[in-house]
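Trainee: Sequence:
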Amino acid sequence: MEVYRSGKEMDIGTDEEDLNGINSGNTSSSAVDQLEFKSKIEADRSKRFEFLLKQTEIFTHFMSNNVKNPTKSKGKQKKDKQSPSVVEHQERTEKKIKQLFNFQNSPPYIKNGELRDYQIRGLNWMISLYENGINGILADEMGLGKTLQTISMLGYLKHVKNQGGPHIVVAPKSTLQSWLNEFEKWCPSLDVVCLIGQKDERQVLLKKLLLPGEWDVCVTSYEMCIREKSVFKKFNWRYMIIDEAHRIKNEKSKLSETLREFKTQSRLLITGTPFQNNSHELWALLNFLLPDVFNSSEDFDSWFNTNTCLGDNALIQRLHAVLKPFLLRRLKLEVENGLKPKNEIKISVGLSKMQREWYTKILMKDFDIINGVGMMVKMRLLNTLMQLRKCTNHPYLFDGAEPGPPYTTDTHLVNNSGKMVILDKLLPKLQAQGSRVLIFSQMTRMLDILEDYCLWRNYQYCRLDGQTPHEDRNRQIQDYNMDNSTKFIFMLSTRAGGLGINLATADVVIIYDSDWNPQMDLQAMDRAHRIGQKKQVRVFRFITENTVEEKIVERAEAKLRLDKLVIQEGLLRGSAGHSLKKDEIIEIMRFGANHISALKESEFTDDDIDALLARIDIKTGEDTLQLDTLTESSSGILKPQGQVTMIDQEDFAKKKRERNRTTRSSETSARTQQTNGHKRKSDVFANKENNVGSKKRKIR
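If you read the sequence shown in the UniProt record's numbering, its first letter stands for residue 1, the second for the next number, and so on.
Calculated from the structure, these hints are not laboratory results. Keep in mind the model is a prediction, meaning the values are calculated, not measured. Among the hints, a few may not be true.
What the hints assert, rightly or not - FRET-style restraints, in silico, Cβ to Cβ:
| # | residue 1 | residue 2 | range |
| --- | --- | --- | --- |
| 1 | Asn250 | Gln478 | 33 to 43 angstroms |
| 2 | Thr486 | Asp299 | 38 to 48 angstroms |
| 3 | Asn484 | Glu114 | 49 to 59 angstroms |
| 4 | Leu455 | Asn250 | 22 to 32 angstroms |
| 5 | Asn250 | Pro108 | 34 to 44 angstroms |
| 6 | Pro469 | Met364 | 20 to 30 angstroms |
| 7 | Glu584 | Pro108 | 55 to 65 angstroms |
| 8 | Gln433 | Lys254 | 39 to 49 angstroms |
| 9 | Ile531 | Asn458 | 26 to 36 angstroms |
| 10 | Glu584 | Pro406 | 41 to 51 angstroms |
| 11 | Lys361 | Asn484 | 25 to 35 angstroms |
| 12 | Lys229 | Met364 | 44 to 54 angstroms |
The beta carbon of each residue, even a glycine, is placed where N, CA and C say it ideally should be.
Can you build the whole structure from these sequences, using the hints too?
Mentor: Right under this line is the structure:
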């Protein structure tokens, strides 16, 4: 078992003493401390109401409907107003405090580097919230150092406010080591402990380390908060930080309900992927931050419902008025001019002969439903949709598709998947350019196939998915990022590998298959496109044409546009959900079904790949010229959404279609002249396998 304190390994022994009934000593504050804690919370509440009412009259609506003003005492109060001199003195004192703690430079307690200008502004924003008793959302775009800004705030509390803790950071399990490393690097004066491990290990850790309370910050995971809720509820937390806070967008989830039970003085939510669907998710986050203000979801939804008579401009102004006190959102384009925009290109690929056969077989199995007859069961439809997605990735994801036994690896592993054909031609050229590659897929079994491929082609690689042990995860990330690393490829599952991991030593990202949620793919891209990246980041998104994948990407892009409206333009759509309906699933499955039998397999040539890479280089040069004259006020000249430059794929796809038409014309002439009906040349190409497969895939 590894236990960390201030980022260092610590041996805590194996004492198995029973920890039941711990309620004494340092586990609970003294009566004086409890009173002080409650007084501070009530004082913050008073300041919070005054602050919000000064910000905008819109909060009068929520406060008058939901709560009583906390500044009004239950008992009788004197009606005498304070003298002007007293009021002026209070104003001077408040102004002096704000001036004193408005950092102009990087704080002295931050070591091994300095905060950037926008990070200092972020720190001052968090300090302002704290001084006014406000909880907030740090929603900077991914890769702008939200972790560092948060650590600097905790350093402020210890070194300026003399409030060493206890503070708590709740984060995904995959990011805990990263948090510990960042604390050790940037603010080693903070005493940090990490609660993770099996039940017996946690019992020892709780008694030896956590419960004595001789630390400043506790870093733990969502799961630990739920499992050790009874312990965490014993503490009076000064500052609670929730990383990847979109995990609590459902106020009825177990995690959200658990965290709401913790006694906290201040709360900060961190998320680089803000609200994605509807106004209710926004309310859930605001309700977590200010339950005494936003306690009615119906009232909130009625104020931000686009179906009302409100015009868009009024709605935008209203939303901005609500979000302004709580949310800070900066884009890389606005604050990191040294970081070039990432260039993304969609590559349309065809199905191989084997893929077409399996795709048709899956569709025919549900032929009646697809044609509008028969009973439509949603779970069955979703399962069929998943099978079609698997087919677009690789037919070997189905039992019995791979030829064998014997099962070894050879060219058929590539030739039987359209995506593998383009990948096999793209990777050697990227390697020759000195690039390093991240490959993301939704399916761990697809990673198995990619792993076999890397072994066959002798590519040095790392792999990370949801089943990767914590220690192996950290080791592989270190191996990949170390100087002069020989690792060329890092393959990751999108959900497990897209959170809180810094892989800026890679400059190419391949989205092998897209996620329903576009924010997941953006998070994956930003593992490389972040502070510290020294090269132009290129993103290749594989899409199998005329299949369900096209509709999935189309739907994801529409969802991404919604996110842009919510945060960057301030527009909230109504509370309509985004879960798939039966009719939508059938529509997606029908798409391209009539063309499957006529589709050609991928026929990319080396010249095609060279042309594709050349187009990205040209676009990179154009963006560099723009960046040379870019200022924060003029940042609108580049595309703001995710800082992605989309390279049009139309010419590239058109060239491929023209080549296919030429091939079909030649084949038609050949069939006219030859009565014995030879196979098409492309079919011969698709069947050039040596009856070999992968032992690794079968073992798994």
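Trainee: Determine for every hint whether it applies to the structure shown.
Mentor: Each hint tested on the structure:
no., hint, result
1, Asn250 <-> Gln478: 33 to 43 angstroms, "holds (35 angstroms)"
2, Thr486 <-> Asp299: 38 to 48 angstroms, "violated (59 angstroms)"
3, Asn484 <-> Glu114: 49 to 59 angstroms, "violated (27 angstroms)"
4, Leu455 <-> Asn250: 22 to 32 angstroms, "violated (41 angstroms)"
5, Asn250 <-> Pro108: 34 to 44 angstroms, "holds (41 angstroms)"
6, Pro469 <-> Met364: 20 to 30 angstroms, "violated (42 angstroms)"
7, Glu584 <-> Pro108: 55 to 65 angstroms, "holds (56 angstroms)"
8, Gln433 <-> Lys254: 39 to 49 angstroms, "holds (47 angstroms)"
9, Ile531 <-> Asn458: 26 to 36 angstroms, "holds (33 angstroms)"
10, Glu584 <-> Pro406: 41 to 51 angstroms, "holds (44 angstroms)"
11, Lys361 <-> Asn484: 25 to 35 angstroms, "violated (48 angstroms)"
12, Lys229 <-> Met364: 44 to 54 angstroms, "holds (51 angstroms)"
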